[in-house]
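Enquirer: Please work from the sequences and hints to get the whole structure.
Heads up: the sequence lines are chains B and W, in that order.
Residue numbers for the first sequence follow my numbering, so the first one is 25 and each next one is one higher.
Residue numbers for the second sequence follow my numbering, so the first one is 25 and each next one is one higher.
In case anyone wonders, no lab produced these hints; they're calculated from the structure.
Possibly wrong hints are sitting among the right ones.
To spell it out: a stretch of chain B is covered by chain W in this simulated footprint if at least three of its residues, at any positions, have a beta carbon under 8 Å from a beta carbon of chain W; those stretches are [what the hints assert, rightly or not]: (1) 205–219; (2) 249–260; (3) 265–278.
These figures come from a predicted structure and were not determined experimentally.
Backbone N, C-alpha and C define an ideal beta-carbon position, used for all residues, glycine too.
2 protein chains.
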Amino acid sequence: MNQDPAHDPGSVGLVTTQAITLFEQGEPLRLDSGAALGPINVAYETYGKRNSDSSNVILICHALSGNAHAAGRHHAADTKTGWWDGYIGPGKPFDTDRFFVICSNNLGGCDGTSGPSSIDPKTGKPYALDFPLITIGDMVRLQRELLKHLGIHKVLAVAGGSMGGMMALQWVLDYPDSVSGALVIASTPRLSAQNIAFNAVARQAITQDPDFNHGNYYQGPKPERGLSVARMMAHITYLSEKGLHEKFGRRLQNRENFSFALETDFAVESYLKHQGSTFGKKFDANTYLYITKAMDYFDPFPDPETTARHLKSVNARLFVMSFDTDWRFDSSRSKELVRILNLHQKNVSYQEFHSPHGHDSFLLPDHEYQLSIATFINRLYNEHMRRQPQKDSHP
Amino acid sequence: MNQDPAHDPGSVGLVTTQAITLFEQGEPLRLDSGAALGPINVAYETYGKRNSDSSNVILICHALSGNAHAAGRHHAADTKTGWWDGYIGPGKPFDTDRFFVICSNNLGGCDGTSGPSSIDPKTGKPYALDFPLITIGDMVRLQRELLKHLGIHKVLAVAGGSMGGMMALQWVLDYPDSVSGALVIASTPRLSAQNIAFNAVARQAITQDPDFNHGNYYQGPKPERGLSVARMMAHITYLSEKGLHEKFGRRLQNRENFSFALETDFAVESYLKHQGSTFGKKFDANTYLYITKAMDYFDPFPDPETTARHLKSVNARLFVMSFDTDWRFDSSRSKELVRILNLHQKNVSYQEFHSPHGHDSFLLPDHEYQLSIATFINRLYNEHMRRQPQKDSHP
Chain B
25 MNQDPAHDPG
35 SVGLVTTQAI
45 TLFEQGEPLR
55 LDSGAALGPI
65 NVAYETYGKR
75 NSDSSNVILI
85 CHALSGNAHA
95 AGRHHAADTK
105 TGWWDGYIGP
115 GKPFDTDRFF
125 VICSNNLGGC
135 DGTSGPSSID
145 PKTGKPYALD
155 FPLITIGDMV
165 RLQRELLKHL
175 GIHKVLAVAG
185 GSMGGMMALQ
195 WVLDYPDSVS
205 GALVIASTPR
215 LSAQNIAFNA
225 VARQAITQDP
235 DFNHGNYYQG
245 PKPERGLSVA
255 RMMAHITYLS
265 EKGLHEKFGR
275 RLQNRENFSF
285 ALETDFAVES
295 YLKHQGSTFG
305 KKFDANTYLY
315 ITKAMDYFDP
325 FPDPETTARH
335 LKSVNARLFV
345 MSFDTDWRFD
355 SSRSKELVRI
365 LNLHQKNVSY
375 QEFHSPHGHD
385 SFLLPDHEYQ
395 LSIATFINRL
405 YNEHMRRQPQ
415 KDSHP
Chain W
25 MNQDPAHDPG
35 SVGLVTTQAI
45 TLFEQGEPLR
55 LDSGAALGPI
65 NVAYETYGKR
75 NSDSSNVILI
85 CHALSGNAHA
95 AGRHHAADTK
105 TGWWDGYIGP
115 GKPFDTDRFF
125 VICSNNLGGC
135 DGTSGPSSID
145 PKTGKPYALD
155 FPLITIGDMV
165 RLQRELLKHL
175 GIHKVLAVAG
185 GSMGGMMALQ
195 WVLDYPDSVS
205 GALVIASTPR
215 LSAQNIAFNA
225 VARQAITQDP
235 DFNHGNYYQG
245 PKPERGLSVA
255 RMMAHITYLS
265 EKGLHEKFGR
275 RLQNRENFSF
285 ALETDFAVES
295 YLKHQGSTFG
305 KKFDANTYLY
315 ITKAMDYFDP
325 FPDPETTARH
335 LKSVNARLFV
345 MSFDTDWRFD
355 SSRSKELVRI
365 LNLHQKNVSY
375 QEFHSPHGHD
385 SFLLPDHEYQ
395 LSIATFINRL
405 YNEHMRRQPQ
415 KDSHP
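Expert: See below:
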């Protein structure tokens, strides 16, 4: 396969992450916790061209460890593309020949948008644990502000998997007049006790690392070991048991027989250690704490009254998607969301896809899944066009 | 309920852990790794009275974190009983009015039997990582030696849950003439890639703890933090998602609202932290490494030839039991074991029990499960009696 983006017709090609600062003047961002935050840097990327009336905007929300780089390459020599490159590009489900796609690093992140590792202008030092706790609602609030700043007041669709799916759902609840459709993929209306438990262990692994130093590790060694353990554990929950079995089974790593020592014997151990170690070096541990906490807190439908209130004004078309081997957020979670939406007579479709790849399936190319996204996006756009026949804004 | 064991008719009452030293003279114990070990201390407990012909012996095998104290109390004031007290005692499934029940701390353990925390007689210091790697086969080999030392050359039954089930299976494979029946409960013929992955993360959490100090922590601070993280994670795999939901759900711990801080918000977090912290203080981290490694290595049926060879002489009656919400070793693992045993025309029964408690179900009282164990044990004993009608050895 030709890795040169200039010669890959399905690629958005070379892209640059853009940066802006919001809430520099005027009111700061009011957070769900009651705290106020500003100024706030936001890193984002865009792909495709915006219509004159901004009717073709698709907002992509990334998951726990993602970033603004959703498609294409930053440099011609990059061996890796953006995290959803299989879905964003010319002729792809989020077709950049027709749509203007935008993805921003989430609030609290560590890849260009303000988070615990950012410099607190009040002190000139990283916020560390002085960064206020944030929610999924806060993340979406910042995205909304970014779009307004770009002159976008309504998006055709918001799409995301896992935590990105929570954000897509939060969008239709909080800004019902600003979004026509939402793709909620491999997600859940709330974390279960088991999900919270896994997050709690991850946070414990990080905060117990002596290098954590109450979050003030930016000058010294970072709590890479604790973060790597957290990631190794989380990684198990991203893959299906079947997928792990098929990929690794009980295969030994670079050896014929057991080591009979405390060494890496099995290929699956070696793989996980590599995943953990790589992540521990590149990601910010404080961000991991904040984002897992935001996921724990997410619960838009805690009781019938709140549910009814949150859904009252919602008129977006929703498409809920799940994968049959996902055990982090299994299909029953998606079905629960669909049940709630149907009970309140919302416009919702649901599809479960077959995949051996567990939770990670939402990131991986699959023809049926791609086709379903494309169909949903096209329908949304056609409906939008039918409602506004007087305008000439064919993308 | 009356906690005084003297007044609890279902309790074995006050018990004392006994200690002996094996392999003091003569040949040391030959391990599967090729290493030799001796002398070896063994801690064990016995309940009930042995027949004159030792025809009523039941061997109980404990799991990863268990010990020799399977039933009764060490002191009248003990609030906790032995780990399988619901199953061992007068009138209980392992009926101590009729059977002589014995349980020993496993080789490599940290509760009386030689393991990494024991003093190496060669150096006068704890073995630490100089303790040889061990296997399930080695654990069983030591149990066999203990029984021989006690004058017991055949047991009526070997029973165990989880790793204890692996040991019960290993017994019938390695000593086919020495065991009439085996109860293999909530167990598996081998760890899956996912099981190995969880063990690998646990070991990483321990060995990355700076207090681990290459295993030489017996003089200084212990790697309690790493061990507690390992235990927290493992604990999630012991409980079912449903059980966690029913017990904790999204209930907050001692608060009305979210903390909006990096504090413990949810009851399930609080519970797990307590479990981890308690375990981190009482258990030996090196033992945790060694025992998880022994489980990883367990694989008596890796290919058809080895399977046939291992099963050739087996004539014990086996009862395989699983629990429908166990996801650590789910029922499909037990069914796989049953399939292998049936293919080789072995005498095997299987039952899946309904329980909300996941893997931990094998430890918890349940009437149907208790009844099935009792029935199996009684049948074994009656069969044994029928085969030896000339002896008067009714227990």
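Enquirer: Within the segment 205–219 of chain B, is the number of residues with a Cβ closer than 8 Å to a Cβ of chain W three or more?
Expert: That given contact holds, which follows from 5 residues of the segment 205–219 of chain B lying within Cβ reach (below 8 Å) of chain W.
Enquirer: So is the segment 265–278 of chain B in contact with chain W by the C-beta rule, three or more residues under 8 Å, or is the coverage claim wrong?
Expert: With 7 residues close enough to chain W, the hint holds.
Enquirer: If you look at each residue in the segment 249–260 of chain B, do at least three have a Cβ nearer than 8 Å to any Cβ of chain W?
Expert: Coverage by chain W holds here, the residue count being 7 at a Cβ distance below 8 Å.
Checked against the numbered hints above, the structure violates none of them.
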